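Visitor: Listed below, chain by chain, are the residues.
2 protein chains.
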Amino acid sequence: MQLSLTTFSFPLPLLATATEAADSSMVLAAVLLSLVVIYLASKVGGELSNRIGLPPVLGELVAGVVVGVSGLHLLVFPEGGANSSGSLIMTFLQTTAGLNPDAVDAVFAAQSEVLTILSELGVIVLLFEIGLESNIKDLMAVGIQATVVAFVGVVLPFAAGTAGLMALFNIPVVAAIFAGAALTATSIGITSKVLSELGRLNSKEGQIILGAAVIDDVLGIIVLAVVASLAKEGMVDLGKVVYLLISATSFLVGSIVLGKVFSNTFVAIAKKLKTRGELVIPAFTFSYVMAYLAAVIQLEAILGSFAAGLVLDETDERVQLQKQVIPVADLLVPIFFVTVGARTDLGVLNPAIPANREGLVMAIFLITVAILGKVATGLSVFGIPQINRLAIGVGMIPRGEVGLVFLGIGSSTGVLSKPLEAAIIMMVILTTFLAPPLLRFVFPEPTHTTADTENLIFDGSGSNSLVIGSSDAKVSSPDERE
Amino acid sequence: MQLSLTTFSFPLPLLATATEAADSSMVLAAVLLSLVVIYLASKVGGELSNRIGLPPVLGELVAGVVVGVSGLHLLVFPEGGANSSGSLIMTFLQTTAGLNPDAVDAVFAAQSEVLTILSELGVIVLLFEIGLESNIKDLMAVGIQATVVAFVGVVLPFAAGTAGLMALFNIPVVAAIFAGAALTATSIGITSKVLSELGRLNSKEGQIILGAAVIDDVLGIIVLAVVASLAKEGMVDLGKVVYLLISATSFLVGSIVLGKVFSNTFVAIAKKLKTRGELVIPAFTFSYVMAYLAAVIQLEAILGSFAAGLVLDETDERVQLQKQVIPVADLLVPIFFVTVGARTDLGVLNPAIPANREGLVMAIFLITVAILGKVATGLSVFGIPQINRLAIGVGMIPRGEVGLVFLGIGSSTGVLSKPLEAAIIMMVILTTFLAPPLLRFVFPEPTHTTADTENLIFDGSGSNSLVIGSSDAKVSSPDERE
Chain A
97 MQLSLTTFSF PLPLLATATE AADSSMVLAA VLLSLVVIYL ASKVGGELSN
147 RIGLPPVLGE LVAGVVVGVS GLHLLVFPEG GANSSGSLIM TFLQTTAGLN
197 PDAVDAVFAA QSEVLTILSE LGVIVLLFEI GLESNIKDLM AVGIQATVVA
247 FVGVVLPFAA GTAGLMALFN IPVVAAIFAG AALTATSIGI TSKVLSELGR
297 LNSKEGQIIL GAAVIDDVLG IIVLAVVASL AKEGMVDLGK VVYLLISATS
347 FLVGSIVLGK VFSNTFVAIA KKLKTRGELV IPAFTFSYVM AYLAAVIQLE
397 AILGSFAAGL VLDETDERVQ LQKQVIPVAD LLVPIFFVTV GARTDLGVLN
447 PAIPANREGL VMAIFLITVA ILGKVATGLS VFGIPQINRL AIGVGMIPRG
497 EVGLVFLGIG SSTGVLSKPL EAAIIMMVIL TTFLAPPLLR FVFPEPTHTT
547 ADTENLIFDG SGSNSLVIGS SDAKVSSPDE RE
Chain B
97 MQLSLTTFSF PLPLLATATE AADSSMVLAA VLLSLVVIYL ASKVGGELSN
147 RIGLPPVLGE LVAGVVVGVS GLHLLVFPEG GANSSGSLIM TFLQTTAGLN
197 PDAVDAVFAA QSEVLTILSE LGVIVLLFEI GLESNIKDLM AVGIQATVVA
247 FVGVVLPFAA GTAGLMALFN IPVVAAIFAG AALTATSIGI TSKVLSELGR
297 LNSKEGQIIL GAAVIDDVLG IIVLAVVASL AKEGMVDLGK VVYLLISATS
347 FLVGSIVLGK VFSNTFVAIA KKLKTRGELV IPAFTFSYVM AYLAAVIQLE
397 AILGSFAAGL VLDETDERVQ LQKQVIPVAD LLVPIFFVTV GARTDLGVLN
447 PAIPANREGL VMAIFLITVA ILGKVATGLS VFGIPQINRL AIGVGMIPRG
497 EVGLVFLGIG SSTGVLSKPL EAAIIMMVIL TTFLAPPLLR FVFPEPTHTT
547 ADTENLIFDG SGSNSLVIGS SDAKVSSPDE RE
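The listed protein sequences correspond, in order, to chains A and B.
Numbering-wise, the first sequence is residues 97 to 578 according to the numbering used here.
Numbering-wise, the second sequence is residues 97 to 578 according to the numbering used here.
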């Protein structure tokens with residue numbers, strides 16, 4: 097914990113080395129406690145949600161809200177404006193572990209840093225697993241439909257949102273464009289997790305949603321670049337747009353083409369290795385390299401790990417790898433969803449704050465456009481008879497963290513009014529939390545019985561044994577297909 | 097990455113929110129790159145070490161040195177006195193990812209923070225796995241021998257080291273006591289990993305080494321408290337010693353007694369859960385709670401996770417849990433060993449620095465005492481005919497990070513001369529790196545053939561299938577028993 101020594105000028109109670117050791121162990125203690133809170137919340141929330149027939153991930157999000165900045169203040173992050181005194185875990189550490197009050201801020205900052213990266217690794221592993229569960233051929237088969245859905249799903253909410261805000265609320269054009277842009281995003285993390293939990297990832301609908309969400313992410317960064325340069329310089333930086341378009345497309349196409357070559361190399365390497373981790377270490381190395389490349393070309397890191405998963409799904413080691421990724425995902429993914437909930441500040445719904453009251457009408461408008469815009473998008477699917485168009489539209493609803501990125505950039509340029517900011521946050525929260533139950537509703541119940549499920553889980557070899565030979569929802573536990 | 101905004105006063109190129117987002121993604125990119133370096137190093141080093149018949153973990157340590165502060169500077173940490181300009185990964189991020197030079201220090205600090213905690217989680221998971229592979233009854237059966245080994249292994253090197261330094265080198269008494277104390281530690285992480293890799297964890301020798309290393313850790317914190325209060329106040333704080341003794345003993349005894357009760361509760365909870373992670377989440381929650389408790393009473397966190405593993409080894413879910421912990425350990429444990437190597441500054445061996453030359457003779461003395469003191473300790477084992485006493489002594493040799501904690505406290509009080517500091521560091525490095533090959537040497541070869549091993553690994557179900565029904569070295573891959 098050199099950090100505290102170089103960046104803070106507290107009166108150090110001991111000399112450097114001793115303090116470093118103490119400090120680093122305090123950060124570890126804080127992270128351990130936070131993980132305990134996250135795991136308890138994820139299991140209590142997930143199980144309760146599952147009992148009432150909703151996707152477990154909804155319970156994890158809600159449980160995150162309960163332990164987070166809007167609830168018990170066990171899990172709070174500095175960017176919510178919270179400081180260390182607002183964190184119950186820090187208070188707990190001071191009473192139980194003798195954490196020095198002078199060192200609290202440094203420990204809090206370091207703990208938040210670590211949890212943020214762990215949650216980002218969580219969603220990277222989630223998309224890697226989703227990629228392993230998906231199949232390039234299936235995705236390509238619905239490629240045209242997914243592309244149409246993605247484009248319509250960007251254009252429709254953007255146009256309706258921007259025009260509506262200008263016409264109905266007299267919002268200035270640049271601000272209206274920002275709000276409209278925030279309506280275009282799709283949170284691939286939440287949507288893919290729910291689909292996986294419902295056992296629908298490999299259905300035609302699931303593949304279209306997933307493909308469209310990926311393309312949406314690419315469109316999203318382009319919309320973002322356009323809108324940001326518009327706000328900053330008053331004009332669109334066409335060179336940047338072209339650069340983004342080319343780099344993103346070559347990344348996606350390149351990873352599929354090169355993947356064919358690499359998947360053979362991967363198997364050859366894994367077969368040569370004779371020490372532990374002979375499969376997971378090469379697989380995660382590849383996943384992290386792809387995530388890094390995606391991040392470098394300004395795509396999201398999760399698109400890289402998704403592509404890595406898709407590539408490795410083509411190899412003979414697929415089944416064995418899927419089995420080994422399960423416990424890693426089980427431990428990392430809840431960190432992402434619980435912290436998304438914990439970061440959600442419901443203060444925006446508090447009617448005592450004037451901006452919230454003013455924002456409420458705009459929020460109702462934005463939420464309507466957000467939901468109807470994407471549901472209508474589902475109708476654009478053509479050429480596949482008897483497809484569940486409603487489910488596809490609903491699958492595109494959650495805006496999640498992507499919507500908040502738009503908001504962040506918009507806020508920083510100062511074009512958004514307080515009520516409009518509040519309205520955008522309300523829209524993001526509601527679409528994120530409504531999507532899981534809505535998706536559950538539009539996908540009809542599979543025909544499992546509970547008795548079956550219990551036998552399958554506790555037959556000694558555990559749920560993992562189900563992975564082999566099951567083509568649908570290969571990695572999700574049987575209970576979650578309920 | 098609020099951190100950079102509140103603690104650094106760089107001229108921010110954009111407004112707050114936009115910078116935060118960019119910064120956090122840079123930290124993620126830096127962590128992803130570091131993990132790629134760690135995984136490549138661990139596999140190259142581990143495989144090469146395995147090929148020449150040595151434990152893979154030695155290769156991971158050496159590969160860590162190669163990529164670390166003494167080698168390629170890919171993986172450096174601030175506490176080694178390195179700053180961000182010494183990190184090749186930071187340079188790489190500046191050229192490939194457009195990392196802003198003004199933000200480099202903040203990203204470097206955050207990345208080091210995250211990697212430090214990940215490596216600590218790595219050794220926590222390692223000891224959890226070792227606990228799952230061990231058996232309370234087997235440990236208790238050799239409890240008396242382990243206790244004797246631990247006590248002799250603390251007293252002998254301490255007395256010989258302190259007396260020798262005073263008599264031969266005219267070192268002042270307090271400094272000699274510190275150096276003597278640094279000789280008492282045993283690195284449970286390195287020793288248990290090597291034993292596991294050699295398939296000797298569940299041998300009588302392995303159980304005695306493990307038990308003695310645990311007791312050594314308890315004795316170590318007491319010696320540390322005595323020595324530190326001696327240096328600071330010139331007298332021993334007897335109250336603190338008694339407190340440490342009572343809390344440590346009650347923790348170890350309490351976790352075994354309460355474990356009997358809890359293991360039933362654990363199984364009952366796991367059976368009730370119907371969503372993913374029904375086994376790993378409760379298990380890791382328990383492990384982290386125990387690690388936290390151990391850290392709070394000033395024991396090491398790893399003793400807590402070891403106790404948690406021991407307790408859960410008593411449950412019916414043991415086999416299933418061991419299988420699921422394997423990939424998690426495979427991904428986290430190498431982070432620990434590679435960073436231990438990366439932090440090792442071989443500059444201390446550079447004869448161009450006067451303190452190193454002066455320290456060299458003392459280092460030769462300390463290393464001799466460190467090795468002979470522990471080897472002689474093995475002779476104290478009684479009552480078990482035909483036991484490999486040499487192997488037990490050799491198993492206690494590695495000082496690892498524990499020795500460095502003594503050094504840190506010693507340095508901070510200012511009683512250690514530069515040559516003596518250098519000598520202690522040389523002793524820690526050599527005992528740590530010598531122990532794996534020595535252990536390999538004192539444990540005779542098992543009778544596996546290479547052909548067997550390859551068939552076992554790539555029979556479709558992978559190495560994990562071997563877990564069931566194998567009582568010896570249950571969790572290690574067959575190749576590592578070679």
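One or more hints might be untrue.
[Said to hold, decoys possible] Where chain B lies over chain A, by a calculated footprint (3+ residues, C-beta under 8 Å): (1) 120-131; (2) 251-265; (3) 309-315; (4) 380-391; (5) 426-438.
[Unchecked claim] Derived lysine-lysine pairs resembling DSBU-like cross-links, with alpha carbons at most 35 Å apart: (6) B:K300 - A:K368; (7) B:K300 - A:K300; (8) B:K368 - A:K300; (9) A:K370 - B:K300.
The hints are simulated quantities; they were obtained by calculation from the structure and are not laboratory data.
Note that the coordinates shown come from a computational prediction; the quantities given were computed from them, not determined experimentally.
Even glycine gets a Cβ: it sits at the ideal position worked out from N, Cα and C.
Visitor: Hint by hint, say whether it matches the structure.
Guide: Each hint, compared with the structure:
1. 120-131: Since 9 is at least three, the answer is holds.
2. 251-265: violated (count 0)
3. 309-315: Per the Cβ count (0), the hint is violated.
4. 380-391: holds (count 7)
5. 426-438: Result for this restraint: holds, n = 3.
6. B:K300 - A:K368: It holds: about 33 Å lies between the C-alpha atoms, which stays within 35 Å.
7. B:K300 - A:K300: The given pair, whose Cα atoms are some 57 Å apart, is violated under the 35 Å limit.
8. B:K368 - A:K300: 33 Å, holds
9. A:K370 - B:K300: 27 Å, holds
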